[in-house]
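Number of protein chains: 2
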Amino acid sequence: MENSIDSFFQPHSIALIGASVQEEKISNVILKSLIQFGFKGKIYPINPRYKEVEGLRCYPAIGSIRGKIDLAVYAIPAERVPDAIKEAKGKVKGAIVVSGGFKESGPKGMALEKELKSAAVSSGIRVIGPNCLGIVDTVSRMDTFFVPPGRAKRPPRGKLAILSQSGSFAVTAMDELASQGIGISRIVSYGNRADVDEAECLEFLASDKETGAVALYMESVEDGRRFVEAAGKCAARKPVMAVKVGKAQAGMAAAASHTGALAGRYELYRAAFRKAGLIEADGYEEFIAGCKALSTSGPPASKRVFIITDGGGIGVNIADACSRLNLEMPPIEKEAADELRASLPSFFSVSNPMDLTGSVTDELFGLALEKALQNDTYGLAIIAALWGPPALTDRLPAVIAGVGRRMKKPVLVCSPGGEFTRKKDALFRRQGLPVFRTPEEAARAAAVLAKAASKLN
Amino acid sequence: MENSIDSFFQPHSIALIGASVQEEKISNVILKSLIQFGFKGKIYPINPRYKEVEGLRCYPAIGSIRGKIDLAVYAIPAERVPDAIKEAKGKVKGAIVVSGGFKESGPKGMALEKELKSAAVSSGIRVIGPNCLGIVDTVSRMDTFFVPPGRAKRPPRGKLAILSQSGSFAVTAMDELASQGIGISRIVSYGNRADVDEAECLEFLASDKETGAVALYMESVEDGRRFVEAAGKCAARKPVMAVKVGKAQAGMAAAASHTGALAGRYELYRAAFRKAGLIEADGYEEFIAGCKALSTSGPPASKRVFIITDGGGIGVNIADACSRLNLEMPPIEKEAADELRASLPSFFSVSNPMDLTGSVTDELFGLALEKALQNDTYGLAIIAALWGPPALTDRLPAVIAGVGRRMKKPVLVCSPGGEFTRKKDALFRRQGLPVFRTPEEAARAAAVLAKAASKLN
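In order, the protein sequences belong to chains A and B.
Residue numbering for the first sequence follows our numbering, starting at 42 and increasing by one per position.
Residue numbering for the second sequence follows our numbering, starting at 42 and increasing by one per position.
If you're looking for bench data, these hints aren't it; they were derived computationally from the structure.
Heads up, a few of these hints could be off.
Identical copies look the same in the list; a pair holds intra-copy or inter-copy alike.
Under the rule of at most 27 Å between Cα atoms (straight-line distance), these lysine-lysine pairs were calculated in the BS3-like manner [stated by the list, open to error]:
#, residue 1, residue 2
1, Lys194, Lys465
2, Lys132, Lys496
3, Lys194, Lys449
4, Lys375, Lys132
5, Lys316, Lys92
6, Lys81, Lys496
7, Lys132, Lys316
8, Lys464, Lys127
9, Lys449, Lys375
10, Lys464, Lys66
11, Lys149, Lys375
12, Lys194, Lys464
13, Lys155, Lys250
14, Lys132, Lys155
15, Lys73, Lys464
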């Protein structure tokens with residue numbers, strides 16, 4: 042299909058309009074990002090002023106390249122973009138316009154965006170943007186984000202896709218998640234969506250085999266019906282989490298000036314999310330916690346949570362946080378409780394939350410978790426392993442992960458603390474266990490998974 | 042006053058009952074902590090089995106030390122503690138009993154705790170604990186926490202005191218705060234409070250010149266009236282934040298087994314907090330955010346928040362988070378807004394939140410913040426400085442801190458992101474600015490300061 046957006050995610054050739062040798066220019070950053078990220082296709086810098094940029098042959102115009110190009114990235118002043126798109130007619134399939142200065146910037150920009158829209162229609166070129174960062178794609182190794190990797194880490198390959206209306210949100214979330222080792226398939230910062238919108242991206246992701254879950258950050262939607270249809274299609278196949286910001290009156294005003302969109306009444310969004318079967322989440326922290334959970338764990342069979350810890354105080358905090366998010370924490374079933382009492386030292390409290398105290402060992406941690414998860418009482422578990430107990434070793438994460446795999450249940454790790462604790466995070470991650478830094482973050486992640494359970498069951 | 046608890050915080054001599062040469066024993070960890078933290082007074086290891094422990098002369102019994110001892114730390118099995126306390130009568134002023142196995146562990150422990158209580162009364166020795174970590178005191182350089190510094194960082198000296206019923210919470214919060222460079226005066230993990238309780242600690246802190254603010258973590262209270270009186274006395278002189286956990290039914294059950302205390306109905310605590318003028322906060326995350334705010338900032342003159350950022354999406358998130366916590370975010374006053382429009386590039390949105398966009402410079406950031414804060418519209422500001430904009434330099438934190446000082450208003454820094462961003466945190470901290478890692482964390486801190494404003498005004 043000529044007009045599909047698939048070519049954005051599997052380009053064989055990319056032209057960079059406005060390529061520059063000047064390091065401080067965003068077009069220079071983008072070119073370096075493309076090269077460094079390991080894009081395997083052909084890259085064509087375009088600028089009449091240079092013969093070569095970053096070691097690549099530079100072309101004076103898009104017309105001077107032989108053959109068709111899958112993707113063109115535009116990093117030129119807004120007023121030159123519409124004509125440049127028209128110029129690429131018949132030559133280019135898709136365009137990413139990172140330039141700002143469109144409808145987010147007032148009446149003049151709004152007129153420019155109209156021009157851009159009609160240029161897209163008349164040329165048959167699909168457009169992502171303007172006023173966006175474009176795409177980071179770990180599958181096709183494409184990276185158009187104009188924040189250098191030294192300032193914002195790129196993620197390893199993974200099964201979670203991220204869609205974001207806000208560029209600064211996309212880059213901040215990517216940096217945070219990548220720094221925590223979270224794998225991602227594709228990130229799309231779509232900005233003002235003069236052409237391609239979140240609905241079309243959701244349709245693509247619905248059938249994208251590289252993507253197992255989707256996280257969507259939105260400030261507004263333009264065509265509600267289309268959005269619900271596309272989101273519903275995607276959510277029927279994989280968990281889709283959505284965060285809508287601009288709830289506050291003040292927040293609304295900010296969102297309106299930020300991408301030129303009206304944030305709208307939150308209740309309408311809620312209803313749309315419910316209709317489409319989306320997992321509703323709230324703000325930056327729930328977005329990050331949800332991404333961490335969805336990137337590592339499938340939806341649990343039920344939303345009943347078992348909490349186990351070696352530090353009583355933290356267990357109480359997790360229970361409080363879970364309770365605030367309306368998670369269920371039923372007590373351990375009699376049979377399992379009896380078995381646990383028979384096999385554990387008497388000073389361990391056999392309850393939910395369960396406190397294994399400072400006398401815990403790796404084996405007892407695993408044993409208690411396994412017995413509690415062995416029947417249908419719980420759909421998932423939060424373990425808070427504080428590293429105080431002297432008998433705990435670096436083998437603990439493998440023991441815990443083994444139980445999760447055998448019981449086929451998501452296990453979330455809550456590990457609050459400072460430098461020493463953070464150094465241990467990698468041990469859990471290497472075992473495929475997501476690590477959360479506060480009781481509340483673990484509860485947020487559990488709540489997202491619990492909602493995923495109720496959508497899919 | 043012979044029975045005051047002052048000697049716990051200015052001891053000249055400490056005896057460690059049950060000192061051991063075995064590295065895995067907690068008494069060995071405590072002795073090392075005391076030495077490493079730089080305690081200036083005399084340390085007496087006590088154990089009939091050794092002549093020397095960790096290079097210090099070891100005494101067979103407390104009675105073999107000449108003269109009186111300010112403080113004795115007990116790290117011996119629970120059943121031996123009551124007699125050991127009686128043995129120290131007339132010799133020791135205060136005792137910290139870190140041993141567990143008292144009322145938190147069932148009927149036998151409950152009987153032991155009764156014995157401990159009467160031993161304290163009959164010997165005239167004040168007791169902190171049992172089932173606690175004791176004290177980390179950056180003023181007297183005393184450290185009885187039995188988690189080694191390599192596993193839980195000790196804080197630099199500061200003006201915030203922390204009281205915690207839960208030992209695991211105390212050590213986790215200390216580690217987290219210390220790893221973020223937050224200064225603390227004294228931390229008391231008081232455990233089962235067989236004798237000294239949170240009320241007496243609050244009375245001490247009320248007149249403690251080294252402490253400018255207090256953070257209290259509690260699971261329960263035994264004597265509500267006494268608590269309200271002591272807390273009210275302290276809160277009249279300095280901000281006191283209190284977190285009460287065990288709200289959830291499940292949380293309650295966990296708290297009950299954890300320190301043997303009944304968590305009680307939360308509404309009663311709320312009323313008590315209000316009566317005493319405490320700042321109520323919620324769970325681990327609000328505790329940490331509140332500690333960071335109170336350790337660096339005095340209460341603002343009003344609770345009206347100004348939000349300024351260089352990434353629109355993050356500004357919207359902060360506004361949403363502030364709105365959820367009922368903070369006020371009035372628009373910029375006309376006069377200041379006109380001044381700002383005259384002195385700023387036209388594409389900056391002059392509003393609250395204010396988005397300076399990727400074109401911001403250090404100077405424009407400072408200028409916009411200063412003009413917005415110059416009159417009484419706002420009591421405090423949250424700045425979200427994302428490090429994407431190419432013109433921002435490492436001078437920004439000094440510029441921002443300068444504005445805060447000149448305007449005499451707390452400025453909270455919201456800086457979400459990954460590794461690069463975390464490396465920049467120290468720049469803000471060096472300028473005395475607290476750094477928050479998510480929009481929600483910054484909002485929580487602002488909410489705590491806003492509550493401090495309303496208590497003191």
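Structure-based check of each hint:
Both within a single protomer and between protomers do Lys194 and Lys465 lie at most 27 Å apart by alpha-carbon distance, with minima of 20 Å and 15 Å respectively. Taking the shortest alpha-carbon separations for Lys132 and Lys496, neither the intra-copy value of 43 Å nor the inter-copy value of 67 Å comes in at or below 27 Å. For a Cα distance limit of 27 Å, the shortest separation of Lys194 from Lys449 qualifies neither inside one copy, at 32 Å, nor across copies, at 37 Å. For the identical chains of this complex, Lys375 and Lys132 are neighbours neither inside a copy (70 Å) nor across copies (51 Å), given an alpha-carbon limit of 27 Å.
Taking the closest pair of Cα atoms, Lys316 and Lys92 never come within 27 Å of each other, the shortest separation being 54 Å inside a single copy and 76 Å across copies. Taking the shortest Cα distances, Lys81 and Lys496 never come within 27 Å of each other, neither inside one copy (38 Å) nor across copies (62 Å). Taking identical chains as interchangeable, the C-alpha atoms of Lys132 and Lys316 are never at most 27 Å apart, the minima being 40 Å within one chain and 73 Å between chains. When the C-alpha separation of Lys464 and Lys127 is checked against a cutoff of 27 Å, the pair qualifies neither within a copy, at 53 Å, nor between copies, at 44 Å.
For a Cα distance limit of 27 Å, the shortest separation of Lys449 from Lys375 inside one copy, 22 Å, qualifies, whereas the shortest one across copies, 60 Å, does not. Only between protomers do Lys464 and Lys66 lie at most 27 Å apart by alpha-carbon distance; the minimum there is 24 Å, versus 37 Å within a single protomer. For the identical chains of this complex, Lys149 and Lys375 are inter-copy neighbours only, at 25 Å across copies versus 70 Å inside a copy, given an alpha-carbon limit of 27 Å. Taking CA atoms no more than 27 Å apart as the test, Lys194 paired with Lys464 passes in both settings, with 18 Å inside one copy and 13 Å between copies.
In this assembly of identical chains, Lys155 and Lys250 lie within 27 Å of each other by CA distance neither inside one copy nor across copies; the values are 35 Å within and 65 Å between. In this homomeric assembly, Lys132 and Lys155 come within 27 Å of each other (Cα to Cα) only inside a single copy, at 22 Å, whereas the closest approach across copies is 87 Å. In the homo-oligomer, the alpha carbons of Lys73 and Lys464 lie at most 27 Å apart only across protomers (23 Å), although the nearest pairing inside one protomer, at 31 Å, exceeds that limit.
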